[in-house]
Amino acid sequence: MSTRLKELVESLGGQLIGDADTQVSGIAPLSDATASQITFLSNPKFRPQVAQTQAAAIILSAADDAVVGADYHGARIVAANPYAYFAKAAQFFAARNAIPVVPGIHPAATVDPGAHVAASAHIGPNVVIEDGAVIGEKARIEAGCVIGRGVKIGSDSCLYPNVTVYAACEIGARVIIHSGVVIGADGFGFANEGGTWVKIPQTGRVLIGDDVEIGANTTIDRGALADTVIEEGVKLDNQIQIAHNCHIGAHTAIAACAGIAGSARIGKYCSIGGAAMIHGHITIVDHVHVSAGTLALRSISEPGQYTGFYPIAKHGDWEKSAALVRNLNGMREKIRALEKSVKQLTEKDNE
Amino acid sequence: MSTRLKELVESLGGQLIGDADTQVSGIAPLSDATASQITFLSNPKFRPQVAQTQAAAIILSAADDAVVGADYHGARIVAANPYAYFAKAAQFFAARNAIPVVPGIHPAATVDPGAHVAASAHIGPNVVIEDGAVIGEKARIEAGCVIGRGVKIGSDSCLYPNVTVYAACEIGARVIIHSGVVIGADGFGFANEGGTWVKIPQTGRVLIGDDVEIGANTTIDRGALADTVIEEGVKLDNQIQIAHNCHIGAHTAIAACAGIAGSARIGKYCSIGGAAMIHGHITIVDHVHVSAGTLALRSISEPGQYTGFYPIAKHGDWEKSAALVRNLNGMREKIRALEKSVKQLTEKDNE
Amino acid sequence: MSTRLKELVESLGGQLIGDADTQVSGIAPLSDATASQITFLSNPKFRPQVAQTQAAAIILSAADDAVVGADYHGARIVAANPYAYFAKAAQFFAARNAIPVVPGIHPAATVDPGAHVAASAHIGPNVVIEDGAVIGEKARIEAGCVIGRGVKIGSDSCLYPNVTVYAACEIGARVIIHSGVVIGADGFGFANEGGTWVKIPQTGRVLIGDDVEIGANTTIDRGALADTVIEEGVKLDNQIQIAHNCHIGAHTAIAACAGIAGSARIGKYCSIGGAAMIHGHITIVDHVHVSAGTLALRSISEPGQYTGFYPIAKHGDWEKSAALVRNLNGMREKIRALEKSVKQLTEKDNE
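Protein chains in written order, with numbering that gives the first Met the number 0: chain A, 0 to 350; chain B, 0 to 350; chain C, 0 to 350.
Pulled out of the complex, with its shape left as it was, chain A reads as follows (with noise of 0.2 Å):
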């Protein structure tokens, strides 16, 4: 199906330079799109594929249109945000390409009669919903998922199949929640007797806010007295295990394999790494960035990008290098051994 570039332009904005009734039928990068897409120049560094690009228009922000806009034989979309621009020219094409979702309820899904599914709801064969659940407007619920009793989801929200929500936990509208994901098992709480572990019952809920994205098999706890809170807004990738009563600010971004320990507050605007470990009960501020592979143990109190994993190298050169970061303290010591050496052939020197 394919789009004349004046309602793209009508829809999301920019100005538009040359024919708008050019047909534009999907989105692909410089290098790869054919004569009935459109394209987009993000990086700079990119200016020069523009002359060559077969695309039929080109999405680009003032100052590369300045510099390459003349060169390009298609129409152009100059807009302030070219990278966010080609994000929503995406979800443009993907709607128009989407089969549309059926509302209603699958007959092999077990709808408790104390839940609420509203009609625009589609939920797929082997939901099972529990009591007191309320499934908002236009939700999708596909196959498999289990939604526990009295959990809320709002309108417009997508439960890919096979998700997990335990009891109690509240859900915003328009969430995205990727297959695996498990929301509201018990937090690792346990006191110890004797050598033993008393559990402790996790009685805490888990809030997520409005368009809020979880990926595949990523792991929320519920609190254990109260509650696991996701703002408005987080994106968490793949894999990532949030601990109890974790806060993590709105529009924070967590890449795949990181998990962040109990009770942690992490800010808003904040980005973590892949597989980085935040430690428990520490608070990082708004706009910080913890790299990859990274683990912070204590709070964080100024913005800023946060580092701290061992360099790769050759194994035999690690070996080497690992031996010495275990020798540290010698090599402290011999320096100390010097100075004093020195001083007193200094001093000697001197007299």
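Wrong hints could be hidden among the right ones.
Interface residues of chain B toward chain A, partial, derived using beta-carbon atoms under 7 Å [stated by the list, open to error]:
no.: 1; residue: Ala69
no.: 2; residue: His72
no.: 3; residue: Ala142
no.: 4; residue: Leu206
no.: 5; residue: Tyr309
Because the hints were derived from the structure by calculation, they are not lab data.
All C-beta atoms in this analysis are idealised placements derived from N, C-alpha and C, irrespective of residue type, glycine included.
Assemble the complex: chain A is given as a structure, and chains B and C must be docked to it using the hints.
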């Protein structure tokens, strides 16, 4: 539903000071408790909050009671281990508020005629129980779980939705398994033949003792020839990987995102921090504590705490220190050269 | 069910020395094998056990046979690669003991009329197969799996329970996918616009070659515009994350808990250790081995083994070495000052 303090003390022990008819309906921290709740003091640093708390009653140690007991307006329960007492009191309230589990097999479950399910067990919708499986008294198998051939699940165990247990694995009594857990998938075993991999069938089982808890999306692989063993009382957090032929000693606790490689043997009463990684084929004795983010490459034969992760820093500082770590050998060479020069100077000086 | 050695050798090759009618019913290590089993010697360090083993037969190399063959009481199979021979013999016994898979679609499965399922395939209870999906001959899709629109699954592939495959992904022949795996969830792609995130629709697919194995709870994201590709013979352990647009070369093995960030390209015949993390957009050539717990930040253009993790130590020793690592720059400054002083002293001395 509220409870008199005397009922609590009859059930859990402790020395009651004050009005035994005081009614409490739940438990909360010192700062949050309302006048209808009981609270607890498990850390002396919170003593100053005791005089201010709204709570109708407090659990505390004899030592704390001697200092702050007199300042407190309500009833006191003096306990040897106030934190463990809190956990048990919370269990007491949770049990009172729990929705009773209904025995029986949901009509949307698929139970093989060759399986044995105790009459008091609860089998949820879309559960699949294969031939020869045995489900114990009052066990609770929630929606979407798949229980393979010949699996044994002990009495009072609870499997939350969407757990998978492969054939022949055995799970003890009072075990709690959270959603997304996979027990008994094949271990990662291959023989290399000219660059390609030949699969080694994994014919061992997973054996899980009594009173184990397993967090969401954790995976425990079956043994190659022998079994993978998780002893009684072990507590596993979310997203942990336990490889084939591991042996985890009783009452060991492992935090989220940790990985235990094949044939590793971890002792009793150990703790493994979040995202720690235990190498294959190593042995760790009882009472070892491995810190978060630490890779244990060799066996540990002495109790104690072990740590190894790169300290976090501002990104620019990390870049400098990482460059120096790579070049530690250069630093050592410089120290050696200095030592030589200083020795020569000293010898000359003494001539 | 027992087998004569001559059947084994007819099927798997190797040179048989001794009684070809020797019956064996299974395979076990040297120390555990009973008189009705066959054993194997794949590492010369176990040669001393050969004379003692109870096993009725042994698989070993010509080199080992020359040394210990004469000491052994039973029949011997001399093989070029005894460990690979063991793997194949174990497969031989496993196939004999396997419960046959019954072809057909379970009545509790939900198969769209627009899907094509081979008559010899097995579709378990609560499986959902959507419109346009194609399931190959003798494929086995176990309980609770969800197969999206247009997915292709090759012949003889096996999906264990509760696997999710998103729309349009393609899986080759003889692929094994363990429980909890999610194939084709959206990659983590967002454009930032004024601090909030705009989702980039993920319209690529996941393409998985023949003879791949994927461990429990591993996730492989679909590509953003192009596809994510896992070539033939790749072996993935549990809880691995493979991000959008990655390309994993044939016969590469990746251990548990590893993470491969977006658009990373890993060569053929590589191995990636447990919990290793591969940065996005980097290229690793064939025959590279990345050690466990290592973060590969830059492309690797030379075969070999690469390592980078902080050495573990007693906690107090680690604290000292970590403090020194943070202060390496101070140490370098001291060395420079010493070099300067020593130079001055030496010059004075030579005056």
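Index of numbered hints that the structure contradicts, given in increasing order: 1, 2 and 4
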